[in-house]
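Asker: As a plain string of letters, each chain reads:
There are 2 protein chains.
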Amino acid sequence: MERGILAVFREAQVTKVPIADGGEGTTEALVTATGGRIVYQQVMGPLGDVVEARWGILGDGKTAVIEVAAASGLTLLSKEKRNPLLATTYGIGQLIKAALDQGIRKLIIGIGGSATNDGGAGMARALGAKFLDRSNNELPNGGAALKNLAKIDVSQLDFRLAETTILLACDVDNPLCGPRGASTVYGPQKGATPAMVAELDQALKHYAELAKSITGKDVAETPGAGAAGGLGAGLLIFTPSELRPGIQIILETAGFEEKVKHADLVITGEGRTDMQTAHGKAPVGVATLAQKYNVPTLCLSGGLGPGHEDVLQQGISGLMSIVPQPMTLEECMVDVDDLVAAATGRLCRLVQVGMQMK
Amino acid sequence: MERGILAVFREAQVTKVPIADGGEGTTEALVTATGGRIVYQQVMGPLGDVVEARWGILGDGKTAVIEVAAASGLTLLSKEKRNPLLATTYGIGQLIKAALDQGIRKLIIGIGGSATNDGGAGMARALGAKFLDRSNNELPNGGAALKNLAKIDVSQLDFRLAETTILLACDVDNPLCGPRGASTVYGPQKGATPAMVAELDQALKHYAELAKSITGKDVAETPGAGAAGGLGAGLLIFTPSELRPGIQIILETAGFEEKVKHADLVITGEGRTDMQTAHGKAPVGVATLAQKYNVPTLCLSGGLGPGHEDVLQQGISGLMSIVPQPMTLEECMVDVDDLVAAATGRLCRLVQVGMQMK
Numbered sequence: 011m012e013r014g015i016l017a018v019f020r021e022a023q024v025t026k027v028p029i030a031d032g033g034e035g036t037t038e039a040l041v042t043a044t045g046g047r048i049v050y051q052q053v054m055g056p057l058g059d060v061v062e063a064r065w066g067i068l069g070d071g072k073t074a075v076i077e078v079a080a081a082s083g084l085t086l087l088s089k090e091k092r093n094p095l096l097a098t099t100y101g102i103g104q105l106i107k108a109a110l111d112q113g114i115r116k117l118i119i120g121i122g123g124s125a126t127n128d129g130g131a132g133m134a135r136a137l138g139a140k141f142l143d144r145s146n147n148e149l150p151n152g153g154a155a156l157k158n159l160a161k162i163d164v165s166q167l168d169f170r171l172a173e174t175t176i177l178l179a180c181d182v183d184n185p186l187c188g189p190r191g192a193s194t195v196y197g198p199q200k201g202a203t204p205a206m207v208a209e210l211d212q213a214l215k216h217y218a219e220l221a222k223s224i225t226g227k228d229v230a231e232t233p234g235a236g237a238a239g240g241l242g243a244g245l246l247i248f249t250p251s252e253l254r255p256g257i258q259i260i261l262e263t264a265g266f267e268e269k270v271k272h273a274d275l276v277i278t279g280e281g282r283t284d285m286q287t288a289h290g291k292a293p294v295g296v297a298t299l300a301q302k303y304n305v306p307t308l309c310l311s312g313g314l315g316p317g318h319e320d321v322l323q324q325g326i327s328g329l330m331s332i333v334p335q336p337m338t339l340e341e342c343m344v345d346v347d348d349l350v351a352a353a354t355g356r357l358c359r360l361v362q363v364g365m366q367m368k
Numbered sequence: 011m012e013r014g015i016l017a018v019f020r021e022a023q024v025t026k027v028p029i030a031d032g033g034e035g036t037t038e039a040l041v042t043a044t045g046g047r048i049v050y051q052q053v054m055g056p057l058g059d060v061v062e063a064r065w066g067i068l069g070d071g072k073t074a075v076i077e078v079a080a081a082s083g084l085t086l087l088s089k090e091k092r093n094p095l096l097a098t099t100y101g102i103g104q105l106i107k108a109a110l111d112q113g114i115r116k117l118i119i120g121i122g123g124s125a126t127n128d129g130g131a132g133m134a135r136a137l138g139a140k141f142l143d144r145s146n147n148e149l150p151n152g153g154a155a156l157k158n159l160a161k162i163d164v165s166q167l168d169f170r171l172a173e174t175t176i177l178l179a180c181d182v183d184n185p186l187c188g189p190r191g192a193s194t195v196y197g198p199q200k201g202a203t204p205a206m207v208a209e210l211d212q213a214l215k216h217y218a219e220l221a222k223s224i225t226g227k228d229v230a231e232t233p234g235a236g237a238a239g240g241l242g243a244g245l246l247i248f249t250p251s252e253l254r255p256g257i258q259i260i261l262e263t264a265g266f267e268e269k270v271k272h273a274d275l276v277i278t279g280e281g282r283t284d285m286q287t288a289h290g291k292a293p294v295g296v297a298t299l300a301q302k303y304n305v306p307t308l309c310l311s312g313g314l315g316p317g318h319e320d321v322l323q324q325g326i327s328g329l330m331s332i333v334p335q336p337m338t339l340e341e342c343m344v345d346v347d348d349l350v351a352a353a354t355g356r357l358c359r360l361v362q363v364g365m366q367m368k
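Line order of the protein sequences matches chains Y and P.
Residues in the first sequence are numbered from 11 upward in steps of one, following our numbering.
Residues in the second sequence are numbered from 11 upward in steps of one, following our numbering.
Hints listed in this document are in silico derivations from the structure and should not be mistaken for laboratory results.
Covered stretches of chain Y, as calculated for chain P (at least 3 residues, CB under 8 Å):
1) 322–335
2) 338–347
Computed far set for chain Y versus chain P, every beta-carbon distance over 10 Å:
3) Gln112
4) Pro233
5) His272
6) Gln286
7) Gly290
The beta-carbon is built from N, C-alpha and C at its ideal position, and this holds for glycine as well.
Work out the full structure: start from the sequences and follow the hints.
Answerer: Rendered as structure tokens:
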């Protein structure tokens with residue numbers, strides 16, 4: 011984009027602000043935006059294997075950014091291996107612990123792309139909580155085991171969590187259970203059959219009731235509790251977490267508001283713009299904040315799908331596709347850097363024509 | 011385009027000027043632009059068959075527009091039937107005669123897409139010229155027969171041609187013969203083998219020399235004489251023709267200059283924009299004239315190919331592809347009206363953002 015802008019507005023000052031929406035790329039974006047660093051940590055993967063998870067420490071040295079997908083992601087498993095009955099968020103708990111060990115007390119957790127449906131029980135276990143059956147034996151990993159949950163022991167829960175702020179970048183409003191719950195809505199894409207969905211939904215319901223009786227927190231109906239297979243609920247139960255739209259957290263952390271105040275124009279973008287974009291996705295979050303300072307926002311898109319015009323009602327002033335001619339998605343992806351630069355140039359030229367007209 | 015413009019600039023006055031470049035669509039464009047009418051005429055097709063050729067009488071009732079392709083076009087023949095040795099421009103001569111019969115004394119002829127390589131001899135024959143061999147027999151149709159040309163008799167040539175103006179919309183500068191001539195450059199796409207190319211090139215050379223000795227006109231080297239298989243040469247030899255860039259003739263005839271004077275913005279377009287566009291194609295012709303009145307021209311394109319940026323040096327201020335996302339050419343063509351409307355809307359919005367910035 012910078013290349014395209016400077017090809018037209020040669021004197022422009024370009025301020026780049028890496029943006030993500032709490033999903034893939036959030037760690038990278040925030041680390042880059044704040045001048046932080048990437049950290050690697052070996053943790054338990056979704057099915058008990060070892061994964062090298064990538065997380066970030068921001069430029070302030072005091073904030074960590076963790077993507078759920080990095081430790082417990084669906085893409086860590088081949089399609090045949092997916093098993094939401096057994097998959098665990100234990101690795102996320104380990105990453106939280108690793109951050110706490112480094113003295114970090116502010117965490118940003120990007121939810122999205124998890125392979126799990128364990129209500130965040132694995133995460134809590136990694137941080138000291140104990141999930142016991144009637145015989146006082148610890149439950150195995152995974153959401154299915156929670157149907158046998160008889161007792162939750164939080165006496166050994168990491169005390170440092172109490173002094174920690176966790177911002178949960180969450181763009182879904184699903185409750186934990188029921189027809190709009192984690193198991194029903196997201197279970198199938200993680201490999202759950204209808205029978206598994208029913209089993210998991212029941213198990214999570216039981217888990218939430220027990221958690222309520224012990225912690226006093228009733229999170230089952232909280233919008234977002236169903237995020238990442240109920241990890242949303244787990245974080246709300248066991249940690250001082252706040253669920254907020256991902257783009258808000260990212261814009262705040264990246265200091266976007268300070269930067270946009272003095273801008274003449276914002277150019278943002280995303281892979282595909284359609285009716286979903288209008289519902290709180292990154293470009294609309296960017297535009298909303300820019301609008302506060304009367305700075306117009308234009309959106310470059312890898313593809314303009316059905317309903318993309320909706321974003322024009324959400325603060326975005328103009329759109330452009332990066333696709334210069336009939337071509338396949340694969341062809342676009344090979345050349346995406348050059349396509350973005352060229353399209354940004356075209357976009358700037360059209361704005362320039364307008365500037366010269368009046 | 012109008013739909014897209016009015017979706018953004020609701021108070022805009024839109025003046026539509028149909029444009030063509032002398033090729034396909036020229037008749038339609040000029041008839042529409044001037045409020046004329048379409049006429050059909052049965053004439054001889056490229057291989058002696060009968061074709062129903064479409065031509066136009068402009069709104070002034072005094073000007074005809076004829077496309078070479080309508081009577082002698084390559085698309086009138088299946089690929090197997092193409093034969094540049096035999097194909098004739100006789101039908102074009104018949105159309106010229108039909109126009110003269112209607113009292114018309116100004117003709118615009120769009121050259122392009124011809125199946126012929128006869129130097130326009132067929133055209134001249136239809137208008138009364140006689141092409142004879144040594145035995146004073148008339149030659150058969152087609153370019154190959156011209157090698158036996160011994161005499162051209164113009165005594166019976168339609169005398170009304172003398173009081174007629176013929177504007178030849180011609181965007182090529184090829185001479186009649188030689189390595190850049192009609193046979194060598196355009197013969198192969200009309201079905202000529204290398205041997206046929208050589209035969210035709212020789213025949214046209216002989217024809218031009220004989221024509222020169224009789225009419226005193228040496229047209230073999232005139233740029234454009236090689237257009238439409240040498241029809242350019244034939245028209246120059248036998249009629250008072252003037253070769254000019256197609257877009258200039260069309261813009262003039264459509265009264266574009268008068269209309270653009272008062273415009274704030276011109277939006278033009280074409281199927282594909284690439285390095286060739288910069289060399290006198292329609293959008294550049296439009297932009298050049300608009301630039302005279304400091305009106306910016308933007309170009310919408312079905313595809314932006316290699317070198318499309320060159321047009322930015324030729325008066326075009328901005329470009330946009332109509333392609334909203336990765337898709338095939340076929341998908342684009344099915345939806346082209348809506349794609350053009352939507353892209354025009356996007357283009358106008360970007361201009362509007364610029365207008366509001368300064």
